[in-house]
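Visitor: Sequence:
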Amino acid sequence: MSIGPLDDETVEKYREAGRVLRQVLDEAAEKVEPGAKHLEVAEFAEERIYELADGCAFPVNISVNEEASHASPGRDDDTEFGEDMVCLDCGVHVDGYIADAAVTVDLSGNDELVEAAEEALDAALEAVEPGAETGEVGAEIEDVIRGYGYTPVLNLSGHGVAQWDAHTGPNIPNRGTERGVELEVGDVVAIEPFATDGRGKVSEGSKEEIYSLERDRSVRNRAARQVLEQVTEEYKTLPFASRWIDSPRAEMAIRRLEQQGVLHGYPVLKEDDGTLVSQAEHTVIVTEDGCEILTE
Numbered sequence: 001m002s003i004g005p006l007d008d009e010t011v012e013k014y015r016e017a018g019r020v021l022r023q024v025l026d027e028a029a030e031k032v033e034p035g036a037k038h039l040e041v042a043e044f045a046e047e048r049i050y051e052l053a054d055g056c057a058f059p060v061n062i063s064v065n066e067e068a069s070h071a072s073p074g075r076d077d078d079t080e081f082g083e084d085m086v087c088l089d090c091g092v093h094v095d096g097y098i099a100d101a102a103v104t105v106d107l108s109g110n111d112e113l114v115e116a117a118e119e120a121l122d123a124a125l126e127a128v129e130p131g132a133e134t135g136e137v138g139a140e141i142e143d144v145i146r147g148y149g150y151t152p153v154l155n156l157s158g159h160g161v162a163q164w165d166a167h168t169g170p171n172i173p174n175r176g177t178e179r180g181v182e183l184e185v186g187d188v189v190a191i192e193p194f195a196t197d198g199r200g201k202v203s204e205g206s207k208e209e210i211y212s213l214e215r216d217r218s219v220r221n222r223a224a225r226q227v228l229e230q231v232t233e234e235y236k237t238l239p240f241a242s243r244w245i246d247s248p249r250a251e252m253a254i255r256r257l258e259q260q261g262v263l264h265g266y267p268v269l270k271e272d273d274g275t276l277v278s279q280a281e282h283t284v285i286v287t288e289d290g291c292e293i294l295t296e
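In the UniProt record's numbering, the protein residues as written are 1 to 296.
Hints in this document: simulated from the structure, not taken from any laboratory.
It is possible that some hints are incorrect.
[As the list claims (entries may be wrong)] Taking lysine to any residue pairs in the SDA-like style, the calculated list, with each CA pair at most 25 Å apart, reads:
1) Lys-201 x Asn-65
2) Lys-236 x Glu-47
3) Lys-207 x Gly-265
4) Lys-207 x Asp-106
5) Lys-236 x Thr-79
6) Lys-37 x Glu-12
7) Lys-207 x Gly-4
8) Lys-31 x Thr-79
9) Lys-236 x Asn-65
10) Lys-207 x Thr-177
Note that the structure is a prediction, hence the values are computed from the model and not measured.
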């Protein structure tokens, strides 16, 4: 049935994206173990998404230990999992309609940090309903995480998802705020608490493997043109991984396009060295009596 401004067909596409994402995320999480390679897990999940849905909403993020977001293995990455805290963040789209979810697989022996993010997500979901303010949802997240003795990552937030747009409004903070917006029936939002034993703020690292189209314009360089053609045809405005680009001299062409403002790069976001970050995430549709969890 339709939900607010969302028609039946749109709702079903969101639901299908969520069903596929739940299956793939569970399958990928089982492959996270010491000695397994980051790239193998990412490629497994991405291939399964393309088998079961229209495509990835963004590259599989595999964030380890102090990393919080935008970490995805490069083309020749041979990094293996060790005694790490591993956050898997995946996105699926069906005709551009997106589901986004994350789970933390703990190989480091810090179960309570994982529980803090998971329980914060549960508390946030209970607070979601029409008229609820995003700052109130954030307060639920913050209260749970601080109750565990940890800190929410204050400069990351949940977000809306729309057709071909993996990050739109409204933002769902991971702390209580007086300013916010009221949730409405038909809003589709990804709520993603991050808990850390660090200071609660992430900064940009030097590694960058994820990009998206910033603005389409003519470019003179042949290699850059080939990359731009693949991006606009296959990924549109959705983020993509540099390893997905099959053009000659792809890395050089991507750097050129970024310098020209055609592509936007996403550096890895990380806490201080030696800290740990956990994450939990679901995508939901706000309904008249609460919310429907799409990725459960």
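Visitor: Please go over all the hints and tell whether each is borne out by the structure.
Guide: Comparing the hints with the structure gives:
About 14 Å separates the Cα atoms of Lys-201 and Asn-65, which keeps this hinted pair within 25 Å; it holds. For the given pair, Lys-236 sits about 19 Å from Glu-47 by alpha-carbon distance, which is consistent with the 25 Å threshold. Between Lys-207 and Gly-265 the alpha-carbon distance is near 10 Å, which keeps this suggested pair within the 25 Å criterion. Restraint check for Lys-207 and Asp-106: the C-alpha separation of about 23 Å stays at or below 25 Å, so the hint holds.
Restraint check: the Cα-Cα separation between Lys-236 and Thr-79 comes to about 30 Å, which exceeds 25 Å; the hinted pair is violated. Restraint check for Lys-37 and Glu-12: not satisfied, since their Cα atoms lie roughly 35 Å apart, outside the 25 Å limit. Distance hint between Lys-207 and Gly-4 is unfulfilled; the C-alpha atoms sit about 41 Å from each other, more than 25 Å. For the hint pairing Lys-31 with Thr-79, the CA-to-CA distance comes to about 14 Å; that is within 25 Å, so the pair holds.
Using a Cα cut-off of 25 Å, the hinted pair Lys-236 and Asn-65 is violated, with the two alpha carbons roughly 31 Å apart. Taking the CA atoms of Lys-207 and Thr-177, the gap is about 31 Å. The hint is violated against a cut of 25 Å.
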